[in-house]
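Asker: If you read the protein sequences in the order shown, they are chains S and D.
Residue 1 is where the first sequence starts when you use our numbering, and the numbers rise one by one after that.
Residue 237 is where the second sequence starts when you use our numbering, and the numbers rise one by one after that.
Please keep in mind that the hints were generated in silico from the structure rather than gathered at the bench.
Just so we're clear, the structure is a prediction, and the values are computed from it rather than from any experiment.
Check the hints yourself; a few may be wrong.
Covered by chain D, per the in silico footprint, the following chain S stretches (three or more residues, Cβ under 8 Å) [unchecked claim]:
| hint | region |
| --- | --- |
| 1 | 67 to 75 |
| 2 | 81 to 89 |
| 3 | 174 to 188 |
If you only want the chain D side, here are some residues facing chain S, beta carbon under 8 Å, derived [stated by the list, open to error]:
| hint | residue |
| --- | --- |
| 4 | Gly240 |
| 5 | Ala244 |
| 6 | Ala246 |
| 7 | Ser251 |
| 8 | Arg255 |
| 9 | Asp256 |
| 10 | Ala279 |
| 11 | Arg281 |
| 12 | Ser315 |
| 13 | Gly316 |
| 14 | Thr317 |
| 15 | Glu319 |
| 16 | Arg320 |
| 17 | Pro325 |
| 18 | Leu329 |
| 19 | Arg477 |
Just so you know, even glycine gets a beta-carbon here, dropped at the ideal spot from N, CA and C.
What follows is the residue order along each chain.
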Amino acid sequence: MTAVLVDELRVIRGKRVVLPELSCEVAAGRVTGLLGPSGSGKSTLIRSIVGVQRVAGGRVTVLGAPAGSKELRSRVGYMTQAPSVYRDLTVRENLRFFARVLDAPRGAAERAIEVVSLADHADAIVGRLSGGQLSRASLAVALLGGPDMLVLDEPTVGLDPVLRRDLWQLFHELAETGKTLLVSSHVMDEADRCDSLLLLREGRILAAATPAELKAQTGAEGLDDAFLRLIDEAGT
Amino acid sequence: MRRGATLAVAIRVLSQLRRDPRTIALIIGVPWLLETLLEQLFAGRSEVFQHVGAPLLGTFPLVTMFLVTSITMLRERLSGTLERLMTLPLGKLDLLAGYGIAFALLAALQIAVVSAVTFGLLGLHTAGPQWLVAALAVANAVLGCALGLFVSAFAQTEFQAVQFMPAFVLPQILLCGLFVARDSMATWLRWISDALPLTYAYEALARAAADTLDGRFAADVGVVSGCVLLSLALGAATLRRRTP
Chain S
1 MTAVLVDELR VIRGKRVVLP ELSCEVAAGR VTGLLGPSGS GKSTLIRSIV GVQRVAGGRV
61 TVLGAPAGSK ELRSRVGYMT QAPSVYRDLT VRENLRFFAR VLDAPRGAAE RAIEVVSLAD
121 HADAIVGRLS GGQLSRASLA VALLGGPDML VLDEPTVGLD PVLRRDLWQL FHELAETGKT
181 LLVSSHVMDE ADRCDSLLLL REGRILAAAT PAELKAQTGA EGLDDAFLRL IDEAGT
Chain D
237 MRRGATLAVA IRVLSQLRRD PRTIALIIGV PWLLETLLEQ LFAGRSEVFQ HVGAPLLGTF
297 PLVTMFLVTS ITMLRERLSG TLERLMTLPL GKLDLLAGYG IAFALLAALQ IAVVSAVTFG
357 LLGLHTAGPQ WLVAALAVAN AVLGCALGLF VSAFAQTEFQ AVQFMPAFVL PQILLCGLFV
417 ARDSMATWLR WISDALPLTY AYEALARAAA DTLDGRFAAD VGVVSGCVLL SLALGAATLR
477 RRTP
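Chain S on its own, in the form it takes in the complex (with noise of 0.2 Å):
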């Protein structure tokens, strides 16, 4: 089952062709991770993936609807790079707010609140959290009202090694209930907790696999080196 197709899908932004012709799937009930250094376009394609990018050509379904489309909105749970929750609420506030706006059942702020382990700042305000908090506080809006896939643009930047496991284990937990996700991230050693890896370099994608596909492809033992073999071959 395919949750996301994307079709040569181009991005301009500015001058600069950000996404040439990028085809790509996401499976559905899975932990996609897609992974590339900053500026790969892993945000320019993400943005596309929740219908905020405006696009230059191509094409990109969603759960069955075109990318952006009405019926998606409460279907889809978006976290974007910057921790986007209202710094001046507290955690327990900005969730309520995006609840309403949801219109999710009563009780899903504080779930989503204690899902991320924030229950003990719930009454703090956003803005003072530490940034591992503050990131936290942004993903448990994407969690609200249960959406069935979750689109999360480096959700575990600068968090601890241990809220970073918990967080990948959440991930896996929600897979498991049938739930769609796809997680970026710049750092290789978290392409080993997905279950399969979209590689993006300079708005292509080099490489669409599992893990354990792409060591025994490259050869490689990490999945950093296998990047790197990979660039290589793409060089040459």
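Model the placement of chain D on the given structure of chain S, informed by the hints.
Answerer: Same frame as chain S, now just chain D:
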């Protein structure tokens, strides 16, 4: 439109304001302090205060709400929260109406306080009904919101947004007829004045204060309402689900 979503936005904006008591104190406190200053300044010539007191009362909310709205919307655009809202089941009208309700409440509070001081303590006398002056002031607040929303699309930083106030609002105050009667302006200035919404807001206020509630008054109110709708429509057009 969804009432729940509109209400959610209004509650959120009011909670944000509540976190910033200093801003609220300035919004509520500055207008009546300025009216008091004006009254004291022309203590020997009370006709000046009687002449400009009411129009000024109606202009404060426009300036305040212009600034508050343009900065808040700019923050919403810069912080990514607008992008997130645009992926959620929230209509642009829900968002605008939510902001409108929150800021209209704030403006109503501001106007209630400045009216109480100006009409009560300072003894400003109007031939027309005072509630009408206050009501027009609320309409001006909404006009300020709508203009602020629109210009926020053209600012990249908060500095720029603040500078839009003197650029966008001060010329309107100078040319609306408050300082120099429009009849005695150079023709080209009067033409510009004809094209500015505050001119009609000022005239409506002056007519309400003088109790000349004639056809011209109705026309002025009509123009102001039209400007509110037009700038709201333009502002809504700047809220895009897809951005470059």
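Asker: Now, for every hint given, state plainly whether the structure supports it.
Answerer: So, going through the hints one by one against the coordinates:
no. : hint       : verdict
1   : 67 to 75   : holds (count 4)
2   : 81 to 89   : holds (count 9)
3   : 174 to 188 : violated (count 0)
4   : Gly240     : holds, 6 Å
5   : Ala244     : holds, 4 Å
6   : Ala246     : violated, 10 Å
7   : Ser251     : holds, 6 Å
8   : Arg255     : holds, 5 Å
9   : Asp256     : holds, 7 Å
10  : Ala279     : violated, 42 Å
11  : Arg281     : violated, 45 Å
12  : Ser315     : holds, 6 Å
13  : Gly316     : holds, 3 Å
14  : Thr317     : holds, 5 Å
15  : Glu319     : holds, 5 Å
16  : Arg320     : holds, 4 Å
17  : Pro325     : holds, 4 Å
18  : Leu329     : violated, 13 Å
19  : Arg477     : holds, 6 Å
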